[in-house]
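**Q** Those protein sequence lines, which keep their order, are chains A and B. The opening residue of the first sequence carries number 1 in my numbering; numbering runs sequentially from there. The opening residue of the second sequence carries number 1 in my numbering; numbering runs sequentially from there.
No lab work stands behind these hints: they were computed from the structure. Predicted model, so just to flag it, every value in this text is computed and none were measured. Just so you know, even glycine gets a beta-carbon here, dropped at the ideal spot from N, CA and C. Errors might be hidden in some of the hints.
Claimed, not checked - Dumping the calculated BS3-like pairs for lysine-lysine here, alpha-carbon to alpha-carbon at most 25 angstroms:
(1) B:Lys43 <-> B:Lys67
(2) B:Lys645 <-> B:Lys626
(3) B:Lys125 <-> B:Lys43
(4) B:Lys56 <-> B:Lys43
(5) B:Lys231 <-> B:Lys218
(6) B:Lys159 <-> B:Lys216
(7) B:Lys462 <-> B:Lys585
(8) A:Lys23 <-> B:Lys56
(9) B:Lys159 <-> B:Lys218
(10) B:Lys212 <-> B:Lys462
(11) A:Lys28 <-> B:Lys125
(12) A:Lys61 <-> B:Lys626
(13) B:Lys648 <-> B:Lys626
(14) B:Lys10 <-> B:Lys119
(15) A:Lys19 <-> B:Lys350
(16) A:Lys19 <-> B:Lys56
(17) B:Lys98 <-> B:Lys125
(18) B:Lys186 <-> B:Lys231
(19) B:Lys626 <-> B:Lys585
(20) B:Lys648 <-> B:Lys462
(21) B:Lys231 <-> B:Lys462
(22) B:Lys252 <-> B:Lys462
(23) B:Lys56 <-> A:Lys12
(24) B:Lys334 <-> B:Lys10
(25) B:Lys43 <-> B:Lys216
(26) A:Lys12 <-> A:Lys28
(27) B:Lys350 <-> B:Lys339
(28) B:Lys552 <-> B:Lys585
(29) B:Lys67 <-> A:Lys23
(30) B:Lys67 <-> A:Lys28
(31) B:Lys67 <-> A:Lys12
(32) A:Lys28 <-> B:Lys56
(33) B:Lys334 <-> B:Lys462
(34) B:Lys119 <-> A:Lys28
(35) B:Lys98 <-> A:Lys28
(36) B:Lys585 <-> B:Lys231
Claimed, not checked - Ranges of calculated distance between the beta carbons of each label pair, as one might list FRET restraints:
(37) A:Thr26 <-> B:Arg64: 19 to 29 angstroms
(38) A:Asn80 <-> B:Ser712: 52 to 62 angstroms
(39) A:Gly77 <-> B:Asp74: 38 to 48 angstroms
(40) B:Lys119 <-> A:Gly77: 18 to 28 angstroms
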Amino acid sequence: MERSEIRTRIEKVVSQVLKVTPKEITPKVNFAFDLGADSMQSIELVAALEEEFSIQMDEVKAREVQTVEAAIDFIDGYVN
Amino acid sequence: MSQMFQVTPKHLDSIFYPQSVAIVGTNRVVGSVPHDIFFNILKSNFQGMVFPVSPKERSVAGVRAYKYILDIPDPIDLAVLVFPSTVCHLALEQCGQKGVKSAIIISAGFREIGEAGVKREEEIKQIAQRYNIPFIGPNCLGVINTDPQSRLNASFARKMPAEGNIAFLSQSGALCTAVLDYAQAKHIGFSKFVSFGNKADISEIDLMRYLKDDPKTKVILLYLEEITDGKALMEMAREIIRDARKPVLVLKSGRTREGAAAAASHTGSLAGSDEVTDAALRQAGIIRCSTIEEMFNCAIALAYQPVPRGDRVAIITNAGGPGVLTTDAAVAEKLHLSKFSDKTIETFRKALPATANIKNPVDVIGDARADRYRVAIGSALQDENVDGVFVILTPQSMTDIENIAREVCDVVGNQEKPAYASFMGEMDVAVGINVLQQRSIPHYILPESMCRAYAQALFFKKHAERGEEEVESFADVRRAEAGLVLANALAAGRTYLPEQESMSILGAYGLPLLPRGLVTTREEAAIVAERIGFPVVMKVESDDIIHKFDIKGVILDIRTTRQAMEAFDAIVNNVSRAVPQACIKGIIVEQMVTGGEEVILGIKRDAAFGPVLMFGLGGLFVEIFKDVSFRIAPLGRRTAGEMVKEIKAYGMLAGARGRPPRDIPAVEDALMRLSTLALDFPTIMELDVNPLIVRNEGQGCFVADARIMLRSQGDVLQPH
Chain A
1 MERSEIRTRI
11 EKVVSQVLKV
21 TPKEITPKVN
31 FAFDLGADSM
41 QSIELVAALE
51 EEFSIQMDEV
61 KAREVQTVEA
71 AIDFIDGYVN
Chain B
1 MSQMFQVTPK
11 HLDSIFYPQS
21 VAIVGTNRVV
31 GSVPHDIFFN
41 ILKSNFQGMV
51 FPVSPKERSV
61 AGVRAYKYIL
71 DIPDPIDLAV
81 LVFPSTVCHL
91 ALEQCGQKGV
101 KSAIIISAGF
111 REIGEAGVKR
121 EEEIKQIAQR
131 YNIPFIGPNC
141 LGVINTDPQS
151 RLNASFARKM
161 PAEGNIAFLS
171 QSGALCTAVL
181 DYAQAKHIGF
191 SKFVSFGNKA
201 DISEIDLMRY
211 LKDDPKTKVI
221 LLYLEEITDG
231 KALMEMAREI
241 IRDARKPVLV
251 LKSGRTREGA
261 AAAASHTGSL
271 AGSDEVTDAA
281 LRQAGIIRCS
291 TIEEMFNCAI
301 ALAYQPVPRG
311 DRVAIITNAG
321 GPGVLTTDAA
331 VAEKLHLSKF
341 SDKTIETFRK
351 ALPATANIKN
361 PVDVIGDARA
371 DRYRVAIGSA
381 LQDENVDGVF
391 VILTPQSMTD
401 IENIAREVCD
411 VVGNQEKPAY
421 ASFMGEMDVA
431 VGINVLQQRS
441 IPHYILPESM
451 CRAYAQALFF
461 KKHAERGEEE
471 VESFADVRRA
481 EAGLVLANAL
491 AAGRTYLPEQ
501 ESMSILGAYG
511 LPLLPRGLVT
521 TREEAAIVAE
531 RIGFPVVMKV
541 ESDDIIHKFD
551 IKGVILDIRT
561 TRQAMEAFDA
571 IVNNVSRAVP
581 QACIKGIIVE
591 QMVTGGEEVI
601 LGIKRDAAFG
611 PVLMFGLGGL
621 FVEIFKDVSF
631 RIAPLGRRTA
641 GEMVKEIKAY
651 GMLAGARGRP
661 PRDIPAVEDA
671 LMRLSTLALD
681 FPTIMELDVN
691 PLIVRNEGQG
701 CFVADARIML
711 RSQGDVLQPH
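Working from the sequences, and respecting the hints, build out all of it.
**A** Next comes the structure, spelled out in structure tokens:
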């Protein structure tokens, strides 16, 4: 899967779960600090990304991912 | 203390009296910490400006929110960080760029969770240091200031406490909420209320320093789970107690025997960490409390009433039994019942019924109403022989509880002498207790608690009036000589110094030794024994043996040269059988002193408080009798004298059953010299002088045995 596709799909999920507009989602934004993700939403985000990409992530490591860019790298490791 | 830079009152003013506060990371989720802290500030009628900073929300609780603190147009004095710990560093970085003066980091997930959290905590410390931002926390409940000039509740406690003059500093956030609830039920108010969490930067010492000069604070309470810098705590407390005349009360949890388990010496074994903490806090004049209830019982006495000038109390009661109970409790706390003046007795005789008891305790009888209490309390307070008054009430059918409570409050008023009350019971007396609490008369459910609080107030008074103690320095001390012995031992990889080496160090520090010699043959033993003069003692000298008596390595009362040779053979055989691997350096032959008292002196180095001195009844069974006292070095003569007087066996030293007094000044001297030795050489971890034989007054004392344990990790000896 191309990185651009991974990015687009991640942005879609983040937008839905955190209820933010796509234009607010840039590679370096921090889910908690810039987009206001609280602990419940962090869990929801992991679950939604797993469903989107049909993968089972290491939840502990997944919760350490803090930015969109890091999420792209993390999921890239699963899908490719 | 703040580990980064000296935190000044001005820094803490921006925490307690900020003109503007930003809650960084807040949200709209009611019941969440980020939301509730912001809401608490709003509803407590904060007198400054408050700015919510929320990544998502445009407003919180109707107040315009900013996405980043950098977006706020106004300067910010205080930032309260409520973001998850994983992003606190980002928030603090922006706070630094904004020029925030101080911070409170509420977020958990730092040092307390382990390695990952330790790294996060280091990171925020570095950012704070770079931008010069002193901070409280992380992992804390927050800060409350009830001063009407501020009215700041930057915490997630359920409610704002009433204004008062008691400050509470706590290492546990959860305990804070329980304390607030408890205090509210008892109408106890606070001046400042701080949960300082992990104290990664601002510590209890910094806060104590601030409260020392805080005009709104009269009494300082601390709840501590660990004491990291015991010396600083003691010094700060002394300053507060002596200079500011404010009492300091500590509730320290974790009363365990840790620290004593692995000790090799008697001192090390007896000086458990809680015994040392207890002694250190008392030495500094800190009132150590065992429970929250005891802490507040004492606090209200000190906060609401004058400090008693003496220990003579008058008990006013409407029932004989409680009067006796109170008397027992007072005596148990070493208080005395006042002997009333003739004038007072005459007043009682005229004003009270014939059946009333007009001696102390004064029983105004079960049908007493407010008027009898008024006369009794008023006269007692006026009596020159009375330093404080205890008022007891039991609810009889005719007892006008509420009126009596009001009368007590009116009579006590602004007197110079303290009065405490105990309305015994729960339901019927509640209305009276309410009146007393609202008008700042300390109330106690039990007379025992009342007497204890009074005794603690007296303890504070004694320490507040205690002048600085001069610590003597000894011109005859040979530091270099002692340092060489220690250095040689460490260079040889040894951390245990047996008797000969220990004695040479003690001798260099001026402790009196007995004539002695180290011999390696039975013939030599006879010659040395004869030279010293009989009787003598002979003991094995070995790096591998600490407790010589246990393995029959000591023989006493040797009176002839033949006995000396036989003793030599016996000791060598006993040791070889008991500890075959022990390397015997020789046998010590030492003059035997008779007719003295055996005491033990010791040193143990405590991680929090530094060198601890021990004194007590000595000999083989010291760990069974445990009749010892502890103080933290340095010792002056006054403190050394108090150590000696504190043990139960002091009477034996002072002279008892026709025996003359022993040379106590010589013992004090020895303690002070040991104190100097302990401070000069941080490498000494434990030291026993056991026994020190104390002869009659004027005849001195002698070290009869000693051993020293050193720190093993290659410390450079640093004598002055």
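**Q** Within 38 to 48 angstroms or not, the Cβ separation of glycine 77 (chain A) and aspartate 74 (chain B)?
**A** Holds - the Cβ-Cβ distance for glycine 77 (chain A) and aspartate 74 (chain B), about 45 angstroms, lies within 38 to 48 angstroms.
**Q** Between lysine 334 (chain B) and lysine 10 (chain B), does the CA-CA distance stay at or below 25 angstroms?
**A** violated, 44 angstroms
**Q** Would you mind confirming whether the straight-line C-alpha gap from lysine 28 (chain A) to lysine 56 (chain B) stays at or under 25 angstroms?
**A** holds, 17 angstroms
**Q** Can you confirm whether the C-alpha distance between lysine 19 (chain A) and lysine 56 (chain B) stays at or below 25 angstroms?
**A** holds, 9 angstroms
**Q** With a cut-off of 25 angstroms on the C-alpha distance, tell me whether lysine 645 (chain B) and lysine 626 (chain B) pass.
**A** holds, 15 angstroms
**Q** Does lysine 56 (chain B) lie within 25 angstroms of lysine 23 (chain A) when you go C-alpha to C-alpha?
**A** Holds. Lysine 23 (chain A) to lysine 56 (chain B) sits at ~14 angstroms (cutoff 25 angstroms).
**Q** Would you check the hint for lysine 19 (chain A) and lysine 350 (chain B), treating anything up to 25 angstroms between C-alpha atoms as holding?
**A** violated, 84 angstroms
**Q** Is the straight-line distance between the alpha-carbon of lysine 28 (chain A) and that of lysine 125 (chain B) 25 angstroms or less?
**A** holds, 24 angstroms
**Q** Against the 25 angstroms threshold, does the CA-CA distance of lysine 159 (chain B) and lysine 218 (chain B) hold or violate the hint?
**A** holds, 22 angstroms
**Q** Run the distance test for lysine 61 (chain A) versus lysine 626 (chain B): straight-line Cα separation, threshold 25 angstroms.
**A** The given pair, whose Cα atoms are some 54 angstroms apart, is violated under the 25 angstroms limit.
**Q** Are the Cα atoms of lysine 585 (chain B) and lysine 231 (chain B) separated by 25 angstroms or less?
**A** Answer violated: lysine 585 (chain B) to lysine 231 (chain B) is near 40 angstroms, above 25 angstroms.
**Q** Lysine 231 (chain B) and lysine 218 (chain B): Cα distance at most 25 angstroms?
**A** With Cα atoms ~23 angstroms apart, lysine 231 (chain B) and lysine 218 (chain B) stay inside 25 angstroms; holds.
Hint compliance for this structure: hints 3, 7, 12, 14, 15, 18, 19, 24 and 36 are broken, all remaining hints hold.
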